[in-house]
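K.L.:
Protein chains in written order, with full-length UniProt numbering: chain A, 1 to 113; chain B, 1 to 802; chain C, 1 to 140.
Rather than coming from a laboratory, the hints here were simulated on the basis of the structure.
Subject to a maximum C-alpha distance of 30 angstroms in a straight line, what follows is the list of computed DSSO-like cross-link-like pairs (lysine-lysine):
hint, chain 1, residue 1, chain 2, residue 2
1, B, 369, B, 293
2, C, 62, B, 789
3, A, 107, B, 576
4, B, 699, A, 107
5, A, 99, B, 707
6, B, 369, B, 449
7, A, 107, B, 706
8, B, 647, A, 107
9, B, 706, B, 647
10, A, 99, B, 710
11, B, 454, B, 552
12, B, 647, A, 99
13, A, 107, B, 789
14, C, 13, C, 62
15, B, 369, B, 105
16, B, 789, C, 58
17, B, 707, A, 107
18, B, 710, A, 107
19, A, 99, B, 789
20, B, 706, A, 99
21, B, 699, A, 99
22, C, 58, B, 699
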Amino acid sequence: MELLMAILIGVLFTAAVYLILSRSLLKIVIGTGLLSHGAHLLILTMGGLGGASPPVLAEGVTDFADPLPQALILTAIVISFGVTAFILVMAYRAYAVHKTDDMNQLKGNDEHD
Amino acid sequence: MEFVLLIFLPIVAALFIPILFKRIKGIHTGWFVLVIPVLLFIYYTTFIRTTMDGGHAISELQWIPSLGISFVSYIDGLSMLFSLLITGIGALVVLYSIFYLDKNKEKLGNFYVYLLLFMSAMLGVVQSDNVISLYLFWELTSISSFLLIGYWYTRDGSRFGALKSMMITVFGGLMMLGGFILLGIMGGTFSIRELIAESSTFVGHEFFTLALVLILLGAFTKSAQFPFYIWLPDAMEAPTPVSAYLHSATMVKAGLYLVARFTPIFAVSEVWIWLVTGIGLLTLFWGSLFAVKQTDLKAILAFSTVSQLGLIMSLLGAGAITMHTNEAIFSFAMFAAIFHLINHATFKGSLFMIAGIVDHETGTRDIRKLGGLMSIMPVSFTVAFIGSMSMAGLPPFNGFLSKEMFLQSMLAIRHFELFNFATWGVIFPVIAWIASVFTFIYSFYFVFKTFAGKRKEKPLPHEPHEAPVGMLISPVILATLVVGIFFIPNVVGKWLVKPAVMAIQPYQYSHPSEVAVHVSAWHGFASPELWMTVGIIIIGGLLYVSLSKWQKVYAIQPEYLSLNAFYDATMTFSEKGMNRLSRFYMTGLIRTYLLYIFAFLSVTTISVLFIQDAFVVDMDSFSKISVYGVINAIILLLAVAFVLFSKTRLGAIISLGAVGYSVALFFVIFKAPDLALTQLVIETVSVALFLLAFQHLPKLNDHGEKKSNKIVNGIIALGVGVTVTLVALSAHSQKLVASISQYYKDTVATEAGGGNIVNVILVDYRGFDTLFEIAVLSIAGIGVLGMIKLRLARKGDPDENK
Amino acid sequence: MKTNDVILQTTTKVVFFIIFLFSIHIFFAGHYTPGGGFVGGLLTTGAIVLLLLAFDLKTVQKALPFNFTIMTGIGLLLSLGTASGAIFFDVPFFTHAFDDFTLPLFGVTSLHTAMIFDAGVFLVVVGSAITIIQSIGGDS
Numbered sequence: 001m002e003l004l005m006a007i008l009i010g011v012l013f014t015a016a017v018y019l020i021l022s023r024s025l026l027k028i029v030i031g032t033g034l035l036s037h038g039a040h041l042l043i044l045t046m047g048g049l050g051g052a053s054p055p056v057l058a059e060g061v062t063d064f065a066d067p068l069p070q071a072l073i074l075t076a077i078v079i080s081f082g083v084t085a086f087i088l089v090m091a092y093r094a095y096a097v098h099k100t101d102d103m104n105q106l107k108g109n110d111e112h113d
Numbered sequence: 001m002e003f004v005l006l007i008f009l010p011i012v013a014a015l016f017i018p019i020l021f022k023r024i025k026g027i028h029t030g031w032f033v034l035v036i037p038v039l040l041f042i043y044y045t046t047f048i049r050t051t052m053d054g055g056h057a058i059s060e061l062q063w064i065p066s067l068g069i070s071f072v073s074y075i076d077g078l079s080m081l082f083s084l085l086i087t088g089i090g091a092l093v094v095l096y097s098i099f100y101l102d103k104n105k106e107k108l109g110n111f112y113v114y115l116l117l118f119m120s121a122m123l124g125v126v127q128s129d130n131v132i133s134l135y136l137f138w139e140l141t142s143i144s145s146f147l148l149i150g151y152w153y154t155r156d157g158s159r160f161g162a163l164k165s166m167m168i169t170v171f172g173g174l175m176m177l178g179g180f181i182l183l184g185i186m187g188g189t190f191s192i193r194e195l196i197a198e199s200s201t202f203v204g205h206e207f208f209t210l211a212l213v214l215i216l217l218g219a220f221t222k223s224a225q226f227p228f229y230i231w232l233p234d235a236m237e238a239p240t241p242v243s244a245y246l247h248s249a250t251m252v253k254a255g256l257y258l259v260a261r262f263t264p265i266f267a268v269s270e271v272w273i274w275l276v277t278g279i280g281l282l283t284l285f286w287g288s289l290f291a292v293k294q295t296d297l298k299a300i301l302a303f304s305t306v307s308q309l310g311l312i313m314s315l316l317g318a319g320a321i322t323m324h325t326n327e328a329i330f331s332f333a334m335f336a337a338i339f340h341l342i343n344h345a346t347f348k349g350s351l352f353m354i355a356g357i358v359d360h361e362t363g364t365r366d367i368r369k370l371g372g373l374m375s376i377m378p379v380s381f382t383v384a385f386i387g388s389m390s391m392a393g394l395p396p397f398n399g400f401l402s403k404e405m406f407l408q409s410m411l412a413i414r415h416f417e418l419f420n421f422a423t424w425g426v427i428f429p430v431i432a433w434i435a436s437v438f439t440f441i442y443s444f445y446f447v448f449k450t451f452a453g454k455r456k457e458k459p460l461p462h463e464p465h466e467a468p469v470g471m472l473i474s475p476v477i478l479a480t481l482v483v484g485i486f487f488i489p490n491v492v493g494k495w496l497v498k499p500a501v502m503a504i505q506p507y508q509y510s511h512p513s514e515v516a517v518h519v520s521a522w523h524g525f526a527s528p529e530l531w532m533t534v535g536i537i538i539i540g541g542l543l544y545v546s547l548s549k550w551q552k553v554y555a556i557q558p559e560y561l562s563l564n565a566f567y568d569a570t571m572t573f574s575e576k577g578m579n580r581l582s583r584f585y586m587t588g589l590i591r592t593y594l595l596y597i598f599a600f601l602s603v604t605t606i607s608v609l610f611i612q613d614a615f616v617v618d619m620d621s622f623s624k625i626s627v628y629g630v631i632n633a634i635i636l637l638l639a640v641a642f643v644l645f646s647k648t649r650l651g652a653i654i655s656l657g658a659v660g661y662s663v664a665l666f667f668v669i670f671k672a673p674d675l676a677l678t679q680l681v682i683e684t685v686s687v688a689l690f691l692l693a694f695q696h697l698p699k700l701n702d703h704g705e706k707k708s709n710k711i712v713n714g715i716i717a718l719g720v721g722v723t724v725t726l727v728a729l730s731a732h733s734q735k736l737v738a739s740i741s742q743y744y745k746d747t748v749a750t751e752a753g754g755g756n757i758v759n760v761i762l763v764d765y766r767g768f769d770t771l772f773e774i775a776v777l778s779i780a781g782i783g784v785l786g787m788i789k790l791r792l793a794r795k796g797d798p799d800e801n802k
Numbered sequence: 001m002k003t004n005d006v007i008l009q010t011t012t013k014v015v016f017f018i019i020f021l022f023s024i025h026i027f028f029a030g031h032y033t034p035g036g037g038f039v040g041g042l043l044t045t046g047a048i049v050l051l052l053l054a055f056d057l058k059t060v061q062k063a064l065p066f067n068f069t070i071m072t073g074i075g076l077l078l079s080l081g082t083a084s085g086a087i088f089f090d091v092p093f094f095t096h097a098f099d100d101f102t103l104p105l106f107g108v109t110s111l112h113t114a115m116i117f118d119a120g121v122f123l124v125v126v127g128s129a130i131t132i133i134q135s136i137g138g139d140s
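If we strip away everything but chain A, and leave its shape as in the complex, we get (with noise of 0.2 angstroms):
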C-alpha cells in the first residue's frame, strides 16, 4: 500500500509544482491546494499505514495507528485551510487592482526596484 501511496503523492506534487509554474494566478491558488493535500499523506505514509484500529484507547485494543503523524496533519489541515483562504484573497485582489492575472506582466517594473 505505501508503494501506491508513494507514487500518488508523487503524482499530487507533480501536478502541483506544474500548477504553480503557470502563468495563470488561479492556476497557482489551485496548486497550493493540492500541494498541502500532497504534503498531508506525505506525513502520514512516512509514518506508516499499518495499524488495525484508530488511535483512541478501547478495550482490548494494542494496535492503533500511529497517532503522532495524524496529530501533525490535523494542524496542518486547518493551516493549509487558511493560507489557502488568505492567498485566495490576495489573488483576486491583485487581479482586481491590477486588471490582469498574468504572471508576467505582475513582475513589477525597473522604477520599484
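Starting from the structure of chain A, add chains B and C where the hints point.
P.N.:
Here is chains B and C on its own, set in the frame of chain A:
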C-alpha cells in the same frame, strides 16, 4: 571597582546627550561632554603607579562564557599609555570643539553621541584582552569614524570620504578577525595574555604566517599604511576636532597598538619584521613625498600623519628585532616608537587645531590663498611654528629627540645579520633620510606659506583675526607639552614609555627600569645622526627655498595611475558587476525563482539520497494493499487529472474539492477518524469559499505560455514528484530513532487522562504547536479581513508603489 | 438575483441546529473519542456556512449578532491563558491538570483544564473561518 565598566561610561553618557541638547539650549552641550574624558583621564592616571612597577590591573566582565568570549580590561603600560592619550587628547578636543562648532547651527546632539561612541570603542580596543571583544570594539571605531566623517552629510565629499574609510577599514577589520580566529585555533584561547604565554607552542603551525599577514592587514588599513592610506586624506572632510582626535591622535594609532600588542607573538617571524619595517618605511617615504604636493592645509597634515604613522610602524618593526639579537641598539627602537607616538600626538594634535582655527577665521584652507597671517594671528602662529618645527625634527622640541632616535635605529638595521638584512639593510637609513628631508620641507611649507610672506591680493572669505581664547586653550596646552617634553624626556620615559616598552617586550624585561635607554639631546660630534640631521636641514632648506620651481614635478603622475583611481575603478566595477549579475538571475518573475527552488530541491535531495546510499526500500514493512485503497487511488488520480485539464474555473474548483474528499476517504481507510472528519468539513468550507469568491476570480487562461516553458515546467514538476516519492519510500523504510508515539500510547490515560490520543497530543503533549497554529489561523483571518475591509482608498491609482 | 429557496431554507432551519448540537457533542467528546476543538469548530462553521447559503449575509448577521473577529481574540486569550495559568501553580508552562468530580446530573465526570484550552481552539476556528467567509462574501 570593576573598571572594565568604565569603558562603557562614554556610551552610557551618550544616551543623555540628545536630551541635554534638546532641553538645555543655553549651554553648549560640549561642556557636559567634557566631564567624561576629564574624569576618565584622572582615573586612569592612578594606574601609573602600578604600571611603573611593571604591574598590571585586570577587570573582567563575562559575556559569552561558553565560547570563551568576555570583556576583559587589561591595563598594562601600553594600554595605560593609550588610555591616557584617548582621554587626554579627547578632553582637549572636546574643549576645542565647544568653540569650533556653533551651538545654534550644528547638530551637536549627533556629534557628541558619535564622539562618545568612539571614545568607548577606542578604550575597548586598547584595553581588551580578549581578541573577539577587541575586534568588536575595533569595528565600532570604524563605524563611529564613518559617522563622524559623514557628519556634514549633505556634502558629497563627506559621504564619499565616509564610505571610503569604512570600506577600507572594515575590509581590514574582517581580515583581522580571520587572523584572530586562526590564532584562537592555534592557541586554543582568545585571551591575548594566554596567547602570548603559549606562543612558542604554535610558532611552526601552518596557519602562523597566514594569521600574521591577516592581522597586519587589519593594522595597516587602520593605521593608513601604504597602499591603504588613501582613505585618510578623504577623511579630512570631517569637522577639524574629529580630524585632530580620530585621524591623527588616536584611531589611526589603533593599528600601531595592534602591532605593538602582538609583537611578542609574531616577532620571531622574518615576515613580520620585513613587513612591518618595510611597509612602515615605504609609507613614511610616500606620505612625506606627497605631502608637499597638497594645497589644502588639512591634506598636508593628512599626508604628514600617514608619513609619521609609517615612521612609528617601521620603528616597531625594528624593535621586534630584539627578539633575535641582544644588541642594545634595537631596544632603543621600541622606546623610540612609543616616544614618538606620544610626541606625534602632541604636535600633530596642535597643528590640526591650528588648521581648524585658520579655516574658521579666514574661511579657507587653501594654502595658495593664504599668507601673511603672522601679525594678525600671533598666538596661532606661535603654536603652529612649535608644532611644525617639532615635526621637522628640530630642537628644542620633542620631535627632535624621537627623530634622532629613529635615525639611530635605522642606521643600526645594517648590522642585523639575520633574514638578509645584512645585504639589504643599507637601504633603510637612506630611505629614512630622504623621507626626513621631505618631512622638513612640508613642515616649513605648512607653517610659512600660511603665516609668513605677504597677504595675497585677493581678499579671504572672512576678514581674518585671532581666534577666541577658548579655542586657543587646547592647542596652546599641546604646544607647551611639545616644548616641555624636550626638557624632561627621561621623566616621560620613566612614567609612560618604559612601562609600555616592557609590555611590548615581556620576553626581554621583567621590570620597566631594565629598559636601559637614556634620552639626551646631545650625543657629541661623532654621532652620525647629528650629521644626518644637519644634512636634512641644509638640503631640506635648499629644496624649500626652490619649492616653486620643482613642485610641478608632481604633475607627471597621471591621475588615472593613482591608488585613488584604482579604488574608484574597483568600486564602480563591483557596483556595476553586481548589478548586472543580480539582474541576470533576478528576473522579477515568480516562475524563475520557483524554478530555482524546485530544481535545487530535487537535485540536492536525489543526489544526497544516492551519494550517501540512503535510498532503501523495505518491501516487508509495507502494509497490505486494500481494495478500497486502490479504488480510492483511482478516484484521486481522476480528480487530479480533471484539475489539470479543466477548461473552466468551476470545473477546476469542483475537481479540487473532489481531490480533498478522496484524501478524506484515505484518512478513513488508514484509521484516522479525526483527520477524516476535519478534512471533510474543511473541504466543504473551502469549496464554499471558492464559490463565494467565484465572481472575483480571473478566468482560466494560460496567456499563451510558450511550449518550451511548459515543457521545462513539466520536467521540473516531474523531478519534484519523483523526489517526493523516493523520500516517502525511503523515510518509511528506515527509522533512525524510535518513534515517540509509543510513549504517547503508554501514558495517555495516566498522564493526560484522555482516550483519544490524537486530540490529547494536540491539546496537551504538543499544545505549543496548537497554540501557534491557532495564532496563525487568526493572522490569516485578520489578513483576509484587512485585504478586503480595510482597503485603503487608492481607487484610480492601481500602482501600490506610488 | 433572488431565487426561491423555500425548501432549502426550511430544511436549513432544522439542520443547522442538528449540526450545531452535533458539533458541541463532538467537541466535548474529543478527549476520549474522535473529535475536539478543531473538528467541533469546523462543524459549527459548516453549519453557519449552510445558513449563509440558504439565506443571505445580512440575515445571518442579524440572526447571529456576534463579532467573529473578537471571538477569535477571545479564543486566543483563552488558550494562552490556560497555558500560562500553569505558571501560577509553580509547574512548567502548558502543564494541564485533570481530576474526577462528582457533579449533579452528570454523575462522576472527569474535568480537564485541557478542555478550556480546546474551547479556545474552538472559538478561534469558528471566529477566523467565519471572519474569512464573511469578508469574502461581503466583498462587492
